[in-house]
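Engineer: For reference, the chains in residue letters:
Number of protein chains: 2
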Amino acid sequence: MPGAPRVIVVLSGNELLDGRTRDTNGAFVTDDLSRRGAKVTELITVADDAERLDAVLRHALDAAPDLLVIGGGLGTTHDDLTASCLADVLGVPLAENAQALGFLEERLRVLAHRRHLDFDEVLAMARRQALLPAGSSPVPPAGVAPGIAARAGGTRIFALPGVPFEFEAMWATIAAELEHDDFFPDVAVRMLRMYGVGEMQVAPLFDELPCDLLDLGIKVGGGEVTVRLRYRREEAAERQADAVVAALEAGAPVFSRDGRTIDEIIAGELRGSGSTLAVAESCTGGLLGARITSLPGSSEYFVGGVLSYANEVKADLLDVPREMLAQYGAVSEAVAAAMAEGARDALRSDYALAGTGVAGPDGGTPEKPVGLVYVACASAAGTAVHRGTFPGDRETVRTYSSPAARHLLLRTLSP
Amino acid sequence: MPGAPRVIVVLSGNELLDGRTRDTNGAFVTDDLSRRGAKVTELITVADDAERLDAVLRHALDAAPDLLVIGGGLGTTHDDLTASCLADVLGVPLAENAQALGFLEERLRVLAHRRHLDFDEVLAMARRQALLPAGSSPVPPAGVAPGIAARAGGTRIFALPGVPFEFEAMWATIAAELEHDDFFPDVAVRMLRMYGVGEMQVAPLFDELPCDLLDLGIKVGGGEVTVRLRYRREEAAERQADAVVAALEAGAPVFSRDGRTIDEIIAGELRGSGSTLAVAESCTGGLLGARITSLPGSSEYFVGGVLSYANEVKADLLDVPREMLAQYGAVSEAVAAAMAEGARDALRSDYALAGTGVAGPDGGTPEKPVGLVYVACASAAGTAVHRGTFPGDRETVRTYSSPAARHLLLRTLSP
Chain F
838 MPGAPRVIVV
848 LSGNELLDGR
858 TRDTNGAFVT
868 DDLSRRGAKV
878 TELITVADDA
888 ERLDAVLRHA
898 LDAAPDLLVI
908 GGGLGTTHDD
918 LTASCLADVL
928 GVPLAENAQA
938 LGFLEERLRV
948 LAHRRHLDFD
958 EVLAMARRQA
968 LLPAGSSPVP
978 PAGVAPGIAA
988 RAGGTRIFAL
998 PGVPFEFEAM
1008 WATIAAELEH
1018 DDFFPDVAVR
1028 MLRMYGVGEM
1038 QVAPLFDELP
1048 CDLLDLGIKV
1058 GGGEVTVRLR
1068 YRREEAAERQ
1078 ADAVVAALEA
1088 GAPVFSRDGR
1098 TIDEIIAGEL
1108 RGSGSTLAVA
1118 ESCTGGLLGA
1128 RITSLPGSSE
1138 YFVGGVLSYA
1148 NEVKADLLDV
1158 PREMLAQYGA
1168 VSEAVAAAMA
1178 EGARDALRSD
1188 YALAGTGVAG
1198 PDGGTPEKPV
1208 GLVYVACASA
1218 AGTAVHRGTF
1228 PGDRETVRTY
1238 SSPAARHLLL
1248 RTLSP
Chain C
838 MPGAPRVIVV
848 LSGNELLDGR
858 TRDTNGAFVT
868 DDLSRRGAKV
878 TELITVADDA
888 ERLDAVLRHA
898 LDAAPDLLVI
908 GGGLGTTHDD
918 LTASCLADVL
928 GVPLAENAQA
938 LGFLEERLRV
948 LAHRRHLDFD
958 EVLAMARRQA
968 LLPAGSSPVP
978 PAGVAPGIAA
988 RAGGTRIFAL
998 PGVPFEFEAM
1008 WATIAAELEH
1018 DDFFPDVAVR
1028 MLRMYGVGEM
1038 QVAPLFDELP
1048 CDLLDLGIKV
1058 GGGEVTVRLR
1068 YRREEAAERQ
1078 ADAVVAALEA
1088 GAPVFSRDGR
1098 TIDEIIAGEL
1108 RGSGSTLAVA
1118 ESCTGGLLGA
1128 RITSLPGSSE
1138 YFVGGVLSYA
1148 NEVKADLLDV
1158 PREMLAQYGA
1168 VSEAVAAAMA
1178 EGARDALRSD
1188 YALAGTGVAG
1198 PDGGTPEKPV
1208 GLVYVACASA
1218 AGTAVHRGTF
1228 PGDRETVRTY
1238 SSPAARHLLL
1248 RTLSP
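Top line first, the protein sequences correspond to chains F and C. Note that our numbering has the first sequence beginning at 838, numbered continuously upward. Note that our numbering has the second sequence beginning at 838, numbered continuously upward.
The set of hints was computed from the structure by calculation and includes no laboratory data. Keep in mind that a hint or two might mislead.
As the list makes no split between identical chains, a pair holds if one copy fits it or if it spans any two.
List of simulated lysine to any residue pairs, SDA-like, C-alpha gap at most 20 angstroms [to be verified]:
hint, residue 1, residue 2
1, Lys1056, Ser1251
2, Lys876, His915
3, Lys876, Asp1095
4, Lys1205, Arg872
5, Lys1056, Ile1099
6, Lys1205, Gly939
7, Lys1056, Glu1005
8, Lys1205, Gly1111
9, Lys1056, Ala1025
10, Lys1056, Pro977
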């Protein structure tokens, strides 16, 4: 997408690099920036090491992005290096900023009072948080530490504390100001989802089309391919987007044209017809139910299910005939269908989904290898069974089985 | 920890920067490297843009790390730039590698057969994946795309596909080779897990102890606190570690002294006594079963369960008395106990876990607010019920309920 402001995000903190903490600020801010039509070109997480942080900030400014967002390293310990490294790369000294000191005193007075601490002692410990690169200004704190707003050439720089609630709240203030300054373009987003094809079959569909005004993203996961188009809201770009959408609709099994997920579409269909759904899970062990119930309000249509891990449970609770289990084995078309029908009967639902497969790592045979999965959907109209073979490890096989079942349901609900 | 090898990780992919996909490879590999005693100084995620990827790879090699791991950008589309950018910064041309082509042909033959595609056409589309920087060698693929192994001065470079199961499997092979080459220091790792306390109660326990030879990490999640100690295997460090472990054992509810997860401990107990387990899930909708069955071999002790989302299902399949549901409501101590007992009867298991709660966002009342959860564990010795209130959104409430139930089971199994 031409003209999108370019952004680099730098996060500092050892805890983000040694397996202790999963980053949330980077995911949050890149997502938000992207929604607003900015293009994040790099997200860099760097250890609390002055030399490395210096090198990273220089690398970032060398790229002359329109915006540089820095998270973390604004606390009171020797590991908190952001202000001094930023001063370094800007070629200015650190200086105590009167406005920053004002923010700090105000927040520390409250904190000292609440925790019964001596204000002067607390201020002495925290006072270095009022040291800013000369010429920069403070961002009002959401917690205690003020942020830093600076410029380098055409790059706006904002440094914020790494504590997620502070980072998110202070970013919201900054983003609102940037919106006010028309920093972000007016962007349209369209999202199409398809199931049953791979990236290799989808990508060629728009290879021949003009896309220079579009920011085109393809994502693959759980058997689905998601194509996202972002573009400036203007006629020429709209036309390119329309052509790409038409090509996809014509050449790929698109099931969502408005960005809704398979779960949201299923929820809409079931709600619309006032129908109910049950599940019978073997190899997925609850993943399917967990996914369906992750949507708020799912109790309107989801009645429940049976986790029939053991064959006894398939027979006892789902009425799968023991002879069928003995003859065909638990991983078979017949048993998948019987599980779905059994769940529909036992839970008195309109629709029932079932899945049975070999998740591995053990239990595979030449005839029934690890990755073989049968999913079934029972309804008043009959029972459909789909056979899939999924590559990969136990978690992947289980993870792929759940969308296979949900897509079979969607095909049953709206053929 | 002194002397640790220094590592930079570079991930490429627009989808990681525009809010479409949450990175898992970076978290996985930094965690694994850190367990092995390496120090990750930077984790850089970069857009699919040749200029930026070039700049990032140059920046990374400028730091002369011992290891550079690259994830993503090895596919078949024009966005897949890793091989060519790596060749650029290494100052060598791209060349078709015979061994890589061999891997590719082998994998594509299977793929073409499975998807009923023409092998030659598929190979023509994918053949660029055999182009490697001259002088480098392929890493055997876990999916289709081979990885790249190269060197620049003292830096070992490995580039792997970004698909998580491929990335993880291929990294495991590389890590094993690096271990074999004594790339990683001889590091001892001790991990203690506790349940029912917060970080603020745990951290002070070792604040006064000497820890300068230890790399100490605290991780919090799902109600558990995990403390990880890493140190070079030498006497002085062992002594510090022993003191920290003793302080934790004395002052916190440690349930795992050897790093085993709650699921692994439960599996061990159930296997050891030849007992079986069933579940009855309401608000968790399958999360509990999914978690228990994520362990390979769980079919030895897990028989299955009932997802009793609707009250009808609680009554029909778990024999929860309708009067009890009417009198106390589905989220109550009585119903939690009846669900567990009902599951134990219906599934004929030795133990049964149940959970019922208000996951939200709707459905809360002043008496039964969002976040209120009852978990129960039924066994031959009787039924225990635990009442919990968890803060946060629907996903958090559901996620916290599952460990609450599993810890109640552990207390029942080994009081």
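Engineer: Given a CA cutoff of 20 angstroms, do Lys1205 and Gly939 count as a within-copy pair, a between-copy pair, both, or neither?
Structural biologist: Close neither inside one copy (63 angstroms) nor across copies (28 angstroms); limit 20 angstroms.
Engineer: State whether the alpha carbon distance between Lys1056 and Ala1025 is at most 20 angstroms within one copy, between copies, both, or neither.
Structural biologist: within (18 angstroms within a copy, 39 angstroms between copies)
Engineer: With 20 angstroms as the alpha-carbon cut-off, assign the pair Lys1056 and Ser1251 to within, between, both or neither.
Structural biologist: Cα proximity of Lys1056 and Ser1251: none, with 25 angstroms in one copy and 46 angstroms across.
Engineer: Classify it for me, Lys1056 with Ile1099: is the Cα-Cα distance of at most 20 angstroms met within a copy, between copies, both or neither?
Structural biologist: Intra 15 angstroms, inter 34 angstroms, cutoff 20 angstroms: intra-copy only.
Engineer: One pair to classify: Lys876 and Asp1095, alpha carbons no more than 20 angstroms apart. Within, between, both, or neither?
Structural biologist: Intra 22 angstroms, inter 44 angstroms, cutoff 20 angstroms: neither.
Engineer: How do Lys1056 and Glu1005 come out at 20 angstroms by Cα distance, when the copy is not named: within, between, both, or neither?
Structural biologist: between (22 angstroms within a copy, 19 angstroms between copies)
Engineer: Up to 20 angstroms between alpha-carbons, please classify Lys1205 paired with Arg872: within, between, both or neither.
Structural biologist: The answer is neither: 43 angstroms in one copy and 37 angstroms across copies each exceed 20 angstroms.
Engineer: One pair to classify: Lys1205 and Gly1111, alpha carbons no more than 20 angstroms apart. Within, between, both, or neither?
Structural biologist: Neither way: Lys1205 and Gly1111 sit 38 angstroms apart in one copy and 28 angstroms across, limit 20 angstroms.
Engineer: Within, between, both or neither: how does the pair Lys1056, Pro977 come out at a Cα-Cα threshold of 20 angstroms?
Structural biologist: neither (34 angstroms within a copy, 24 angstroms between copies)
Engineer: Is it within, between, both, or neither for Lys876 and His915, if the alpha carbons may be no more than 20 angstroms apart?
Structural biologist: For Lys876 and His915, the Cα distance is within 20 angstroms only across copies (19 angstroms; inside one copy 33 angstroms).
Violation of the numbered hints given earlier is confined to hints 1, 3, 4, 6, 8 and 10; the remaining hints are satisfied by the structure.
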